[in-house]
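In the order they appear, the protein sequences are chains Y and E.
Residues are numbered in the working numbering as their position in the first sequence, beginning at 1, plus a constant of 146.
Residues are numbered in the working numbering as their position in the second sequence, beginning at 1, plus a constant of 121.
Any given hint could be a false lead.
What the hints assert, rightly or not - Label-pair restraints from in silico Cβ distances:
1. GLU175/E <-> LEU170/Y: 20 to 26 Å
2. PHE357/Y <-> GLU195/E: 26 to 32 Å
3. LEU282/Y <-> LYS196/E: 28 to 34 Å
4. GLU175/E <-> VAL252/Y: 41 to 47 Å
5. GLU175/E <-> ILE214/Y: 30 to 36 Å
6. GLU175/E <-> LYS204/Y: 36 to 42 Å
7. ILE349/Y <-> GLY189/E: 29 to 35 Å
8. LYS204/Y <-> LYS481/E: 35 to 41 Å
9. PRO342/Y <-> ASP194/E: 38 to 44 Å
These are computed hints drawn from the structure, not numbers from a lab.
Beta carbons: idealized from backbone N, C-alpha and C, even for Gly.
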Amino acid sequence: MADGSTCYSKAMEILVTGITYGILAVAYWRGISAIVLVCGHSEPHYRPLAKSRVKKAKILLNAILDIILFRRLLRVNRALWIGEWVFHVSFALVLLGHLRYIMQPVPGIVMELNCIGKHAGYVLPLSLLYILIVRLVISEKGEYFSVRNLVLVSVIFILGATGVIMRYFVRPDVIDIKHYVLGVLAFDPNPLPLDPVFLLHYILFLVLLLFLPSHILAAPIVMIEARERDDTFVPLGHEE
Amino acid sequence: MKNKRSFIKDLSKKQVMEIKGCTDCRECLKHCPVQMVTGNADISTPEKIKIYKEFIDSTDSLKARIFGKKDIDEKLLKDFAEAVFECTTCGACGEICPVGLDTQRLWPALRREMVKRGIGPFGAQREMQKAISDTGNPYNEPAEERFKTWFPDEIKIAEQSEIAYYAGCTGAYEAHPMVRSDVLVLDAIGEPFTMLSADKEVCCGFPLFITGQHEMLEELTNKLVSAYAEKGVRELVCSCPCCVNIMSRDWPIFYGSELPFRIVHISQYVKKALEEGRLKLSKGLKEKIIYHDPCYLSRGVGVIEEPREVLRHIDGAELIEFDAHGRNSRCCGAGGAARKIFHENAIAMGRLTIDEAVEKGADRLVLSCPACYAKVNEAMKGHKKQITIVDIMELISECI
Ligand code: SF4
Ligand code: SF4
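Between the sequences and the hints, there should be enough to build the whole structure, so can you do that?
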């Protein structure tokens with residue numbers, strides 16, 4: 147007969163794994179929905195502006211730099227730009243570092259990325275703290291920081307902080323974690339590691355996935371359009 | 122509220138992406154003139170976009186397509202419509218947006234969607250369509266009065282010419298010194314120019330376009346374009362930034378092809394005449410002048426340097442700038458026909474412009490838009506800080 151703690155861990159496993167599948171389904175649904183939304187309606191006004199290939203290539207290059215370097219933000223708020231840029235880059239590196247947990251065998255490059263991700267993990271919460279301070283200093287009545295943004299930043303901050311804690315202080319069994327994650331991805335769940343810090347980290351990751359803002363996919367596309375608009379803008383009377 | 126109409130059908134893909142692409146960073150709040158005078162973040166760009174995203178999800182998301190459209194909260198829809206009509210459509214939020222939303226084009230599109238749903242336009246904006254159809258102008262003034270009170274008797278208009286001048290309704294009915302000076306300066310240049318008769322020079326369509334009432338736009342455009350084409354016009358000169366904006370950006374769409382003439386802002390025409398020596402300024406001014414960029418001229422069509430170059434031709438005048446100028450200029454409150462319903466906002470915005478001009482020690486505030494001219498003059502009444510307001514061509518005509 148199973149004792150109390152086994153029952154508890156089984157129930158926890160079923161609950162967390164169930165939530166995981168639920169959230170993954172929602173995330174997929176949202177992705178498909180976004181594609182359907184943009185592709186599934188008429189286009190009365192749009193026309194591509196640039197004609198020559200060289201011009202198009204220049205626009206694309208500029209747009210890529212806009213996206214990678216957040217150049218539009220740099221133009222309007224330097225103090226915030228440095229925080230946002232460091233945050234996004236460190237977040238991307240941390241995510242890449244996590245590839246190690248969903249791949250078997252782990253390619254050498256992923257091990258390298260994991261190593262870089264380890265350092266980025268320190269920077270991530272610090273950059274978020276910096277963003278918070280900059281925003282709260284600018285904002286007199288709090289209007290420059292929406293509740294939704296504050297929640298998102300807090301979730302990512304705790305995610306980052308628990309990541310650092312797990313790496314240097316509590317050290318849950320990485321093999322167990324990987325075993326569990328690979329099982330979820332293969333639709334054959336393995337026992338859930340019950341380390342509380344890992345559980346908090348994992349649940350917050352699911353929350354983040356659920357509330358992932360739509361701008362992640364759309365904003366880079368808008369930046370390309372905006373760059374095209376800027377680079378092809380001809381002031382009145384200056385047409386060829 | 123029953124909700125059958127798609128919220129994205131009449132938007133471009135780019136605009137749908139823009140709505141999805143707002144990061145809610147709120148950088149735009151610091152640059153929005155409506156925020157400056159109301160402090161109401163609930164009507165800010167990210168809030169409006171957030172609500173519109175909900176509307177889109179209710180009708181156009183995958184879920185809505187499979188399981189049916191969700192009903193909409195009537196109050197939310199009305200609040201949204203009011204917020205989008207309270208905006209001056211100045212586009213400052215888009216100009217500084219770190220993502221690059223083209224809000225000067227997005228807001229009119231969302232207003233149009235509200236109008237199609239029967240919510241908006243509001244107040245006096247509602248009368249504009251009928252007024253234009255009855256009298257040719259949105260102010261419901263008699264067509265025969267269009268040029269009467271301000272047109273200088275001594276000036277002769279050519280019957281046919283390659284150059285035409287369009288006065289525009291706001292200038293003709295609300296900013297007489299401005300249009301009068303336009304004509305005086307054009308006359309001083311010496312090239313014959315033509316105009317349409319008072320009954321033929323109808324509204325360019327901008328007030329209807331900006332308030333989302335599109336039914337008459339093709340008709341107005343065709344009427345004006347063919348009337349100018351009949352007069353052999355190759356260059357249409359206009360001083361109103363709103364007219365210039367719709368003529369150059371949207372008339373070709375309503376007309377169905379390229380226009381048979383070029384659209385020119387009067388500052389561009391005058392700048393060329395000054396450079397070529399066809400216009401000479403015999404008098405100078407020992408004054409500090411500050412120039413305000415109209416949103417639809419600077420952000421809209423990129424006419425930024427020409428008015429300044431014209432002003433630099435005035436001997437002795439010292440040109441100073443607002444903190445926010447050029448593409449980053451701050452709306453004076455007259456934009457987007459919002460002044461017709463949110464009068465207090467418009468006055469408060471006008472006063473921000475006046476205050477800064479006074480604080481910077483300018484002797485005169487130079488404007489180049491009839492709507493700005495009328496509204497900032499109104500804002501001056503009863504205000505503690507005072508400055509003389511002058512239209513750019515009024516200033517030039519003083520110096521001829
Ligand atoms: S267009 Fe101008 S008034 Fe409207 S929300 Fe943007 S900045 Fe504010
Ligand atoms: S600046 Fe742009 S992205 Fe940021 S809240 Fe305003 S519209 Fe959205």
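Right, here's what the structure says about each hint:
no.	hint	result
1	GLU175/E <-> LEU170/Y: 20 to 26 Å	holds, 24 Å
2	PHE357/Y <-> GLU195/E: 26 to 32 Å	holds, 28 Å
3	LEU282/Y <-> LYS196/E: 28 to 34 Å	holds, 32 Å
4	GLU175/E <-> VAL252/Y: 41 to 47 Å	holds, 42 Å
5	GLU175/E <-> ILE214/Y: 30 to 36 Å	holds, 31 Å
6	GLU175/E <-> LYS204/Y: 36 to 42 Å	holds, 38 Å
7	ILE349/Y <-> GLY189/E: 29 to 35 Å	holds, 33 Å
8	LYS204/Y <-> LYS481/E: 35 to 41 Å	holds, 39 Å
9	PRO342/Y <-> ASP194/E: 38 to 44 Å	holds, 41 Å
In the structure shown, no violation is registered for any of the earlier numbered hints.
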